[in-house]
Amino acid sequence: MKTKSRLSSPLVGPLVALLLVSLLVALTTPRFLDLGNLSNLALQVSIVAIVAIGSTIVIVSGGIDLSPGSAIALMTMVFALMVRNWGVPLGVAIVLVLVLGIVLGGVCGFLSAYLRIPPFITTLAALSAYRGIAFAFNNGSPVFSVSSDLERLFYGTLFGIPLPLIYVVVLYGIAYAFLTYTAPGRSIYAVGGNVNAARLSGIHVRRTQLLAFLIAGLAAAIGAVLMSARLNSGSPNYGVGMELSAIAAAVIGGASLNGGRGHIVNTAFGAMTIVVVQNGLNLNAVPPSVQNVVIGVIIVAAVGVDMWRGELGHGVSRLVGGKSA
Amino acid sequence: MKTKSRLSSPLVGPLVALLLVSLLVALTTPRFLDLGNLSNLALQVSIVAIVAIGSTIVIVSGGIDLSPGSAIALMTMVFALMVRNWGVPLGVAIVLVLVLGIVLGGVCGFLSAYLRIPPFITTLAALSAYRGIAFAFNNGSPVFSVSSDLERLFYGTLFGIPLPLIYVVVLYGIAYAFLTYTAPGRSIYAVGGNVNAARLSGIHVRRTQLLAFLIAGLAAAIGAVLMSARLNSGSPNYGVGMELSAIAAAVIGGASLNGGRGHIVNTAFGAMTIVVVQNGLNLNAVPPSVQNVVIGVIIVAAVGVDMWRGELGHGVSRLVGGKSA
Amino acid sequence: MNTSPPLWEVVDVTKAYAGVKVNDGICLQLHAGQIHALLGENGSGKSTLIKTLSGAHQPDSGRLLRHGEPVVLSSPSAAREFGVSTVFQEFSVVGALSVAENIYLGRPPTKGGKLDWAAMRESARRVLESMAVELDVDAEVASLPVAQQQLVEIAKALAADASLIILDEPTTALSVEEIDVLHRLLKRLKAERRAILYISHRLDEVVELVDVATILKDGQVVSSAAQSKIDIPYIVKCMVGDVGEHYPKERNARTEVLLEARSISTDNRVRDVSFTLHRGEVLGLGGVLGSGRTEIARAIFGLDRLKAGQIVLRGEPLRLRHPRDAIAAGIALVPENRKSDGLFFNFTGFPNISIANLRRLGRYGTLHPAREREQCRELLRELELSPHAEHRTVGLLSGGNQQKVVIGRWLHADADVFILDEPTQGIDIGAKIAVYRLINRLTAAGKGVILISSDYDELVAMSDRVCTIRHGRLVAQRTPAELREAGQRGVWGESEAGAAPVHSIELSIV
Amino acid sequence: ADYPAPQPLKPTAQADIGKLPSKSGGYTIAYMPPATEFNYYIAIGEGIKAKAAKAGVNTFMLAPQSGADINGQMGMIQDAITRKVDAIILSTHDEAAAAPLVKQAVAKGIAVVIVNSDILDFPTPVHAVVGYSQRKGTHLMGDYLLAHMPAKSVKIGVIAGQEGYHSTERVGGFLDAVKGKPGINIVSTLSGNWNVEGGNTAAMDMLQANPDIDVIFAANDYMIMGTSQAAKALGRSKVMLLGNDGDTAGLEQIAAGTVTATVNTAPFQMGETAFDVTMDVLSHKYKGGFVETPAQIVDKTNVLPILKDPASLYPKPSKAY
Ligand SMILES: Nc1ncnc2c1ncn2[C@@H]1O[C@H](COP(=O)(O)OP(=O)(O)OP(=O)(O)O)[C@@H](O)[C@H]1O
Ligand SMILES: Nc1ncnc2c1ncn2[C@@H]1O[C@H](COP(=O)(O)OP(=O)(O)OP(=O)(O)O)[C@@H](O)[C@H]1O
Ligand SMILES: [Mg+2]
Ligand SMILES: [Mg+2]
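Chains as they are written, first to last, in this note's numbering: chain A, 1 to 325; chain B, 1 to 325; chain C, 1 to 510; chain D, 1 to 321.
Think of the hints as simulated: they come from the structure by calculation, not from any bench. Keep in mind that a hint or two might mislead.
As the list claims (entries may be wrong) - Partner residues aside, some chain C positions facing chain A, computed with beta carbon under 8 Å:
#1 Arg324
#2 Ile327
#3 Leu333
#4 Pro335
#5 Ser340
#6 Asp341
#7 Gly342
#8 Phe345
#9 Asn346
#10 Phe347
#11 Pro351
#12 Ile355
#13 Gly365
#14 Thr366
#15 Leu367
Quick caveat: nothing in here was measured; it's all calculated off a predicted structure. We put the CB at the ideal spot given by N, CA and C, even for glycine.
Given these sequences and hints, build the entire structure.
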């Protein structure tokens, strides 16, 4: 029955949460449902939603990633400098940033998987170090007005659909296919579920753990490119707190911090829930202080509901798994 | 041999790390060993070291606490307002803050222990919410020049020994006694080591988990009082990132994020290691960007060394026992 | 029979999980000075009843009487107050703590409000002595092999000095020697007029130990203490109906050598071990706890690197750097610790089966769910696996079905050499026989089986040859016949010295 | 010295310059802003560096990365005192917090000059204060709006920083000027957390909620730049965008016409002035007091001359003007 709630119809919970929140906001502000505001929402959710793909995959693999926020800051800086100051063509620069992202993720992955330093630690260190490096460029000053072509990457539309929305749909499609229809994807669930059993089943445990971080790095890189495009600039201050929003999205989406459980599509719903709440609060000009409180409550509530739904099904495996957070 | 490394002489690793780092700094800056600088160090380490007592106990109990930074901000605000604007006598105000701390910790503890929402989530929410509440006071402006008596709490000395140093020693003494010589203290290790086993052994699991958070709240409150005293003010901006430094201190001190393992005294060494590094970098006027990188590297290195020391003992048993982190 | 009023009485207790009644109106009486067996297939509700009796959870309905007085066991500590102590099937030890602390977990001795470490370690030592167990009370439990952890779990229950002692499968990981010691201990406790409730799937040990037996089926009592005859055929009949031969051994050994170990040694206790495994043969490994059988399995499966010697498969020398290499060569390991090393509790049955051979599910690392379903359904039929395996996470399957899933994994991976480490540990007689038939199917298909078992009868009955392992050395190889002559007691121990020289059997087989 | 005559500080706030050790040359000066995350403080630092280089004085910057890390800054001040520098040019978000350490420094014979501040009553005596008035600056911006009203009646959105002194002062100054004046309607106030990202998000939502907004005032240039991105994205290029600081990038956007105007508080020059004052303090030439540095409204009409003089700008403009 856990299976039911996890695999066959696992999408219900978080989707319901999202709809409830949206309904609430729609009632308080008619403007919420304006086409304008909806595409505005799409723009706002896109970056965190994409970063959250990585966070989810790392969480499912049994790890945690605190680094994407800082990694994004670093990458927007490098990206902006490449394009504006070092005369690297936009296309090439994008490719290089994606590579950089994979490298940054790889560092955490290597330390966690091969040197067996807990991911919480390696990525905590990266959280500090990557932002430090970001500040070392252009001695800490943001790089503005990078290139107008760049902006189009974010603000452009296709058949009237905002590009970021398209990116999100495509990337989630790919992530879903990867996790569901490929061996490495399955391995990520296996390693997150039971490292020992995975090793004894011949799975490349370390390689799989590393892979999860490489993907997270790539996702962060895409997020960085979009961030630069959105603000047409790079800055060592970008992405502060992004890691926590991304993790929150995954967890609101029902991913288990014990690893092995989580449905990527729900992460998208989780991200939307967060953004809808923020948007609703902004539309009503609620002061940021109150916003923080509300966000906090929402996170707990969403997870609480999911836990509660889970209880029945989880009982056993909790017991045998012997792991309970 | 694992037993040895864990029970008989667990203090070696982190202490060695601390001494190595100190030696390094001493070589680069003769001034490091000035009496002035040493008491300066004592002042600097005191707050994070005290907060880290709470973080360690929560980690040992199998949880994690991301809230102390924000909780401290909130408490310094309330504290400063009580003393300066609401005319509450200093002594009373201190007691009230300690109570507030216990309440703030209790909220996270209750949600985690009794509603079974993962501590990572509840305290992540608190991280957001508590700071929000802090900003709601005095419409977000810091409260300055609270009281000159207050300052003395931090800058005063006893027989020439800086007071904060005395607080640290006393509090760690209490924490050590609690964890080693009381039933609740041992229960915290048991619950962190294996929830189900603890439950079946008649330990009040949820009460114990709650207790850990209450203690963490109290520790944060003491930290808040000292912070207010040090800065003779309260501000919603205080304590940003404190939770991570405190966790880092615990982990550098060898506490296992899987719970059940960790020696409180080592947490003090962990905290000192961090502060000594920062101090050394400041004395050499190393730019902040580089500092962040160095901090990151230190964290990984310290944990890496500890891991590596463990391996010898763990490796085999882990797989035979079929248990691996 | 015992006429004095019962110490404890379970009256009409019912407990349901997610609507499924796993205890349904259960009644039984526990008398002081009596060893009471609670028997039943996997999933028949034994542990659930135990948890009720130990205050681990509350029954949905029904009552517990102590000396005829109704009592409520609101928590494990409450149960302890009433003099109940339990050896849990899922151990209740904390790996991160020392042996001594585990034995007094939840009720450490104190002096003036202060924990008395010295006293704790001293009394812990005494308890272990009484069990004739040699263990460093300061050792971290996580660093001990499963069997010793189980001994700690038992010591923990005995230390409580309770009037009712419940043991839920206390011997799964133990071998003859430890079991004997345990039984002698239990008989002494019985003489001290304590009540003992004993659960085990090892019927041979049960019949020799217990006075009365209550047998469950699907959560209901099918044979009360009064009715139950204490003999294996009766018990089996009640549990699973007619099963015929308990050890349906087929001899399929061929002459062709499949696997050969040539004086292999590892850093993990294996010393200069040599043997050959023929196609269709079951090679049993016998020995006391920690004799190094599991370690030999680890070496052959590539988990421990070889320090010396060579492993030869189908005439080809193997280089094993990682389990992967062994799997690729067609070697399979069914680990002794199913829960921590075998199963993925986040998966349903099918992904658990296919995980070791994802290549079969599609080319270029892709997976075709349809293909997976079809392949696994076929295995499901072949293994007589519960149909629930398709949709339920394996945590909800019975022990027997869980074991079948793990074995099925290696059938799916089409392995040639099967290392079965304690394959029937904790599974019911019906499931055991199913596993034996599976072994026969394997050997009939010309596969080789290395069987590690602490169940002496099983080992002797199902093996074609039995190697005696002692301190990581292979000290003797004999046929089951020869072993039976040697008799059971201390058969693996130092006692009986000169065993038949290794080569003689080689000839006898060929 | 080429800076305006100092106004006296409150007696309680003026440290005795005569008490400083007299030492000729070989000075080490620590510049200690509250954070490196704000370009503004880097610019001040560059001003100091430029002059120091000419004067052959050794300076270094010590600051936490985040403006929120008050505790970190205090630790650094402590370390600077330990290091026995000759002078500290200090800017802090939290005077009271710094007070005890400033007292220590002064007692140890270290010259303390407060920069980017206009408070005449620092909680403990200091040797000099250099800066401009937050309120006055944005008040000018209010007046500018009244003088350049795009319509008879305008709807105004305000993007504040995170609650706190700077936000209150700057927004306050702007509101003082415009509140109650004819045709002024403040329709929305949101926080942009001082950075481009936050300004962008806030502006997006603000423009969604109030499609008819004519003017947006942001409490710093980063947030107004984020706003200009949002306005552009939503095709609202006619919205009048008002910032504060005089950040180079902000000035360039004014030149490009994507931002209307800002309060140029010339951080680079402020740094130069702070250095001159500090040197005069060290050489006992300074009589004490507060030196007010200029704050001036810059829009399309007067931005070019500033951009044409990159020597006194930090960071340098992205292209030559
Ligand atoms: N927790 C652990 N305890 C002891 N040894 C371990 C542990 N984890 C890994 N190892 C050892 O490290 C080696 C690699 O194990 P693992 O299967 O995790 O790596 P892998 O994923 O196969 O490596 P790769 O992916 O690079 O091929 C094995 O020899 C294994 O014994
Ligand atoms: N916490 C739980 N939630 C849901 N179902 C459970 C739970 N615990 C046990 N069950 C189910 O209840 C039934 C009885 O389980 P129980 O452990 O009592 O059987 P058992 O007789 O002890 O079996 P075994 O001999 O394998 O130990 C099984 O079908 C099991 O799957
Ligand atoms: Mg059971
Ligand atoms: Mg074994």
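Comparing the hints with the structure gives:
no.	hint	result
1	Arg324	holds (4 Å)
2	Ile327	holds (4 Å)
3	Leu333	holds (6 Å)
4	Pro335	holds (6 Å)
5	Ser340	holds (6 Å)
6	Asp341	holds (5 Å)
7	Gly342	holds (6 Å)
8	Phe345	holds (4 Å)
9	Asn346	holds (4 Å)
10	Phe347	holds (6 Å)
11	Pro351	holds (7 Å)
12	Ile355	holds (5 Å)
13	Gly365	holds (4 Å)
14	Thr366	holds (6 Å)
15	Leu367	holds (5 Å)
Checked against the numbered hints above, the structure violates none of them.
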